[in-house]
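Residues per chain are reported as follows:
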Amino acid sequence: MSLSLAGVSRAFGGVRAVDDATFTVADGEVHGLIGPNGAGKTTLLNLISGLMQPTGGRIELDGHRLERLPPHRVAGLGVARTYQNIRLFAGLSAVDNVVVGEHRQRRAPFWRRLLMLPAARREERAARDAAEALLARVGLQERASVPASSLSYGEQRRVEIARALASQPKLLLLDEPTAGMNPGEAAAVARLVREVAGEGRTVLLIEHNVRLVMELCQHVTVLNFGKVIARGTPAEIAQDPAVIAAYLGEGP
Amino acid sequence: MSDLFLAYESLIAFVGINGLLALSVYATLCCGQLSLANAGFMAIGAYTGALITLKAPGVPFIAVLAAATLAPAIVAVPLGLPVLRLRGVFLAIATVGFGEVVRLFFVNWDYTNGALGLVAIPQRTHLWTIALALAVALYGLGRLRGSRTGYALEAIREDETAARTMGIYTTGHKLAMLVAGAALAGLAGALEAHHTFIVSPGTFVFGRVVDMLVQAVVGGTAAFYGPALGAAFLTVLPELLREIGARLGLAPGPFRLFLNGVILLAVILYLPNGLVSLPARLRRRARGSA
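Going down the list, the protein sequences come from chains A and B.
Just so we're aligned, residue 1 is where the first sequence starts under the working numbering, counting upward by one.
Just so we're aligned, residue 253 is where the second sequence starts under the working numbering, counting upward by one.
None of these hints come from the bench; they were simulated from the model.
Just so we're clear, the structure is a prediction, and the values are computed from it rather than from any experiment.
It is possible that some hints are incorrect.
Claimed, not checked - Each computed DMTMM-like pair below joins lysine to aspartate or glutamate, with the alpha-carbon atoms no more than 25 Å apart:
id	chain 1	residue 1	chain 2	residue 2
1	A	K227	A	D27
2	A	K170	B	D411
3	A	K170	A	E67
4	A	K170	B	E412
5	A	K227	A	E29
6	A	K170	A	D240
To be verified - Beta-carbon label-pair distances, calculated as ranges:
id	chain 1	residue 1	chain 2	residue 2	range
7	B	A474	A	W111	53 to 61 Å
8	B	A318	A	G91	32 to 40 Å
9	B	P312	A	D62	54 to 62 Å
10	B	L338	A	Q218	39 to 47 Å
Claimed, not checked - Taking beta-carbon pairs under 10 Å as the criterion, some of the chain B residues facing chain A (in silico):
id	residue
11	S262
12	A387
13	Y391
14	G398
15	S399
16	R409
17	E410
18	D411
19	G419
20	Y421
21	G424
C-beta: ideal position from N, C-alpha, C; glycine also.
Take these sequences, add in the hints, and give me the full structure.
Here it is as structure tokens:
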């Protein structure tokens with residue numbers, strides 16, 4: 001599923017958090033979105049997932065216009081995301097968090113459960129089994145019944161990824177998935193992202209770990225002060241003078 | 253002896269009616285919305301039911317109850333669409349306003365005798381009617397847990413923003429629960445009207461919805477049966493303690509309010525998850541001392 005942004009802007013009063021951003025994420029690729037702190041990366045993710053409306057420009061997902069859709073409709077088109085500051089359902093267990101992620105996949109209407117029909121029970125068991133399988137995939141099968149709030153930081157991030165995958169997304173938006181993780185955990189997440197892309201899902205990845213971006217991404221877009229300052233393959237980005245200036249400052 | 257039974261029959265009826273009302277507040281509470289419109293919904297149900305019974309005595313009671321359930325549910329839709337955009341205390345304030353508007357409407361409506369209200373309503377509510385209504389309400393709310401809808405409601409309660417990006421239509425879910433709560437409150441209102449012979453606006457003051465909320469919180473909102481438990485507890489206990497109050501020379505009305513306050517305080521301080529968390533807490537304590 002390909003995502004294209006054309007002239008997307010979002011202003012907060014006088015501040016242009018995203019300023020005329022234009023780039024395309026090709027179907028099935030892992031696309032990196034990098035930039036210094038405050039460059040507008042998370043705002044851009046909020047615009048794509050429908051939590052905010054852009055003040056200008058268009059966002060298209062396989063021909064569907066996204067910029068005026070509410071978040072649940074964007075999710076309905078196959079977009080799932082994680083959050084930089086982790087938004088799990090703190091009172092629910094790890095596995096229940098993932099079951100919630102299956103909301104869009106499940107169809108059983110409530111009246112069927114009211115009548116205690118076996119179909120409802122089967123559907124519930126299938127949902128739970130699928131959630132447990134996803135937790136196993138992120139290496140947390142033993143932590144399934146632990147409340148999300150009692151999990152470690154790295155575990156919470158992985159549950160959040162499992163919850164996003166539970167909706168069988170065509171486009172997965174990851175906001176700093178390895179922040180606060182040790183190198184071993186980060187490597188496991190990198191493996192998972194590669195696997196997910198191998199299933200034909202498109203991934204848009206915000207990440208500060210440069211080595212991870214270089215390894216994982218086919219293309220990278222660099223933001224600074226809301227503007228796209230560079231686009232290209234990781235190798236091209238690493239050589240780009242504008243990117244080097246943005247990260248290290250202008251030379252003397 | 254028969255007097256004694258009559259007294260208890262009424263008490264049992266109020267346990268059931270208050271249980272329905274506490275559940276009506278729980279309906280919105282379980283998806284994290286503090287709506288205090290339920291005294292208003294109850295009034296609409298009570299007046300709808302009483303008017304049908306008084307003006308068209310031939311209508312069967314089940315149809316009267318259905319109308320009393322439906323009327324506030326219909327009103328809840330245009331109310332909910334704008335006010336459910338509000339969060340937390342703002343939603344509470346807006347819905348309190350709605351309750352007062354409904355009450356003042358009936359105070360000023362000559363057709364229902366204004367502040368005097370409707371009197372001499374035939375007693376058509378039986379204990380089994382109340383028990384059946386409570387059982388249906390408990391069953392419906394109990395089946396929510398573990399269902400797709402139930403998970404969506406829990407998600408909305410925990411983090412509405414995250415729920416939306418999971419594809420959950422939060423406005424629809426919140427509205428559905430507001431409507432369900434309104435229906436329950438209306439049903440309870442009609443049952444009460446046909447039990448006490450009378451409907452007057454003074455029954456539906458702000459304090460009434462506070463009672464419902466206190467009962468739900470004392471019982472505990474972690475489990476669907478908690479609010480009904482709290483309602484039973486707070487309805488029966490003052491009756492048991494009434495004798496003591498009388499011996500101390502206290503008026504029963506203020507004494508009941510005072511007692512409710514003390515119980516609420518005790519529950520919040522020592523049992524913040526309500527009566528339903530008592531068994532788990534006792535077990536923990538037993539294990540701790542062993």
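Verification of the hints:
| no. | hint | result |
| --- | --- | --- |
| 1 | A:K227 - A:D27 | 23 Å, holds |
| 2 | A:K170 - B:D411 | 23 Å, holds |
| 3 | A:K170 - A:E67 | 18 Å, holds |
| 4 | A:K170 - B:E412 | 23 Å, holds |
| 5 | A:K227 - A:E29 | 22 Å, holds |
| 6 | A:K170 - A:D240 | 31 Å, violated |
| 7 | B:A474 - A:W111: 53 to 61 Å | 25 Å, violated |
| 8 | B:A318 - A:G91: 32 to 40 Å | 36 Å, holds |
| 9 | B:P312 - A:D62: 54 to 62 Å | 56 Å, holds |
| 10 | B:L338 - A:Q218: 39 to 47 Å | 45 Å, holds |
| 11 | S262 | 32 Å, violated |
| 12 | A387 | 13 Å, violated |
| 13 | Y391 | 8 Å, holds |
| 14 | G398 | 6 Å, holds |
| 15 | S399 | 5 Å, holds |
| 16 | R409 | 8 Å, holds |
| 17 | E410 | 4 Å, holds |
| 18 | D411 | 5 Å, holds |
| 19 | G419 | 3 Å, holds |
| 20 | Y421 | 5 Å, holds |
| 21 | G424 | 9 Å, holds |
In summary, the numbered hints that this structure violates are 6, 7, 11 and 12.
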